[in-house]
Amino acid sequence: MFAMSGTSAAKRSLLTLAATAVLLVLGMAGLDAHGVSGKDAVFLQGLNGRAIVPLMYLGAKHMVTGYDHLLFLVGVIFFLYRLRDILLYVSLFTIGHSVTLLAGVLGHVHANSFLIDAIIGFSVVYKAFDNMDGFRRFFGWQPNAKAAVLTFGLFHGFGLATKLQDFALSPNGLVANIVSFNVGVELGQGLALSIILIALMYWRTRSGFLRYAFACNGLVMSCGLLLVGYQLSGYFLTP
Amino acid sequence: MMTTSSNESLALEARRRISTMAGVALLVAGVLLVAVVLPAEFAIDPLGTGARLGLLQLGIVGRQVEQLNAAAETTAAAQSAIVVGQERPFHEETVSFTLAPHEGMEYKYRLEKSKALLYTWTSTAPVNYELHAEPDGAPTGYAQSYEKQSARDQASGTLTAPFSGIHGWFWENTTGQEIVVTLRTAGFYSISHEFRKDQPVRNKEFH
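Protein chains in written order, with my numbering: chain V, 1 to 239; chain H, 1001 to 1207.
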């Protein structure tokens, strides 16, 4: 019953993958993960001076509706069972993206947002491959997971920075506004993490968890690959 | 000896499993990218799936909007001629519109590319307004916004059309009373259109 032949296992994972990836694509239409949506953009451009709560709200909204950040977080905490580890890894991610968000906007470091978002997509693929034990199995070597989370955190923060830099933000109250946006990002991340954790913890108590964990990481990898393809298409096709 | 070979076959099996899953993941992502995302986002449809699923139209409209936005920016920057001669004299008019409580309406002129318009409007009470245009051939519902303000009772200015299309105002009466908006214009327009909700469009020709 549980011992499936190679082909039927592959067929089943293919079906699960396809179904969920379709849902993901449909979901993309409803979320504005990339960039800031129309009315928020108008608000940002018209801003002159401090707007702490609105910027916090936008930061939180960006995180909660940002499927690329969420997928990476799912990958990172997938096999973390102890609260101490979860806090440690999430803190590393937070430090990473806060540094580049602040430095990027305040230091006027410009990067192509398609390429940054492609790297963010790649971070999802990387983490899924790591969760499949791919590094140890193929290369006989386990890269430092903490260093990876910190490094990819730097890229995620840069992604957030390029979104904000698309708008001619007024220098008036800029530091307070960016810090507020960053605080909002952390609040949104905390909210999203709690929901992911509750779902994961419930799932872990079920007998099927380990059996489907592998397929689930395959799904996460597929989503990451789709993000990479989508962003690279944007890079090459957008004039 | 026995353990080594069984460990090796276990490792081989694990590698095979990971490769299969990664391959499937890549295949699914690739198929979705080419069949769904490329047509919907970039109007590229190599398999014809976008046309069949109706997604291609989404990409085409997106492309058009991008091009229109880009065109408006470049033409606006390029319009710097000081004197532009015209073959016909300009038209002028003064029109008044009565807006019922909370009613919104639009009044727009047909202007060909690079034709100019001078305007002044006043209102008996502050209104919300937007000065915008619909380029010829743009997707339905697309409008290029030039200026948007709330609670104003007058505005004046000049407009040089960045593209051929209809250009004009949306006014919204936010009060509970009837108000009157009076518009004075002079320009090289040919037709005007008055749009009101649930009413046929009223056209006026200028010869």
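Among the hints, erroneous ones may be present.
[Stated by the list, open to error] Between beta-carbon pairs, the in silico distance windows are:
id, chain 1, residue 1, chain 2, residue 2, range
1, V, 176, H, 1142, 50 to 60 Å
2, H, 1090, V, 175, 28 to 38 Å
3, H, 1064, V, 205, 45 to 55 Å
4, H, 1114, V, 175, 38 to 48 Å
5, V, 175, H, 1172, 15 to 25 Å
6, V, 165, H, 1139, 23 to 33 Å
[What the hints assert, rightly or not] Counterexamples of contact, computed for chain H against chain V with all Cβ distances above 10 Å:
id, residue
7, 1032
8, 1057
9, 1102
10, 1122
11, 1191
Just so you know, the hints here were simulated from the structure itself, not pulled from any lab data. Quick caveat: nothing in here was measured; it's all calculated off a predicted structure. A virtual CB, placed ideally from N, CA and C, is assigned to each residue, including glycine.
Status of each hint after checking the structure:
For the pair residue 176(V) and residue 1142(H), the beta carbons lie near 37 Å from each other, so the given range of 50 to 60 Å is not met. Distance hint for residue 1090(H) and residue 175(V): a CB-CB separation of about 51 Å, inconsistent with the stated range 28 to 38 Å. A beta carbon spacing of about 51 Å between residue 1064(H) and residue 205(V) agrees with the range 45 to 55 Å that was offered as a hint. Between residue 1114(H) and residue 175(V) the beta carbons are some 44 Å apart, a value that agrees with the proposed interval 38 to 48 Å.
Under the hint 15 to 25 Å, the C-beta atoms of residue 175(V) and residue 1172(H), about 37 Å apart, miss the expected range. The hint said 23 to 33 Å for the Cβ distance between residue 165(V) and residue 1139(H), and at roughly 29 Å that hint holds. The non-interface label for residue 1032(H) is inconsistent with chain V: the shortest C-beta to C-beta separation is roughly 6 Å, within 10 Å. For residue 1057(H), the requirement that its beta carbon stay farther than 10 Å from each beta carbon of chain V is met, with the minimum near 14 Å.
For residue 1102(H), the non-interface assignment is confirmed: its Cβ lies about 21 Å from the closest Cβ of chain V, beyond the 10 Å cut-off. Residue-level check passed: residue 1122(H) sits 25 Å from the nearest beta carbon of chain V, beyond 10 Å. No beta-carbon of chain V comes within 10 Å of the beta-carbon of residue 1191(H); the shortest separation is about 30 Å.
Hint violations for this structure: numbers 1, 2, 5, 7, all remaining hints satisfied.
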